[in-house]
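Visitor: Residue numbers (the numbering used here): 33 to 101.
Pairs of lysine to any residue, SDA-like flavour, derived with a Cα cap of 25 Å:
{"#": "1", "residue 1": "K70", "residue 2": "L83"}
{"#": "2", "residue 1": "K41", "residue 2": "G85"}
{"#": "3", "residue 1": "K70", "residue 2": "V43"}
{"#": "4", "residue 1": "K41", "residue 2": "R78"}
{"#": "5", "residue 1": "K41", "residue 2": "M76"}
{"#": "6", "residue 1": "K66", "residue 2": "E54"}
{"#": "7", "residue 1": "K41", "residue 2": "T91"}
{"#": "8", "residue 1": "K66", "residue 2": "R78"}
{"#": "9", "residue 1": "K41", "residue 2": "R84"}
{"#": "10", "residue 1": "K70", "residue 2": "L50"}
No lab work stands behind these hints, which were simulated from the structure alone.
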Amino acid sequence: MTVQADLEKAVAAAQSALGTYETFSASTLDGTAKQMFKEMSSDMERHVALLRGRLAYVTQNNSMNKPLS
33 MTVQADLEKA VAAAQSALGT YETFSASTLD GTAKQMFKEM SSDMERHVAL
83 LRGRLAYVTQ NNSMNKPLS
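Build out the structure end to end from the sequences listed, making use of the hints.
Guide: Rendered as structure tokens:
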């Protein structure tokens with residue numbers, strides 16, 4: 033498996049976790065738990081953004097994606 037494929041899987045997993053945290057936050061009536069899941073969602077949004085940035089960099093600089101000279 034390539035680094036690019038690994039990053040794509042990591043982005044998908046982080047997005048899944050983000051959705052789960054948002055669902056938990058929306059579905060709980062416990063204020064403390066709601067705040068915890070909101071904070072976890074914010075953290076995961078940052079993680080997704082960082083992973084997407086790294087994926088974009090790797091995709092752009094991957095020698096296999098460049099035209100042959």
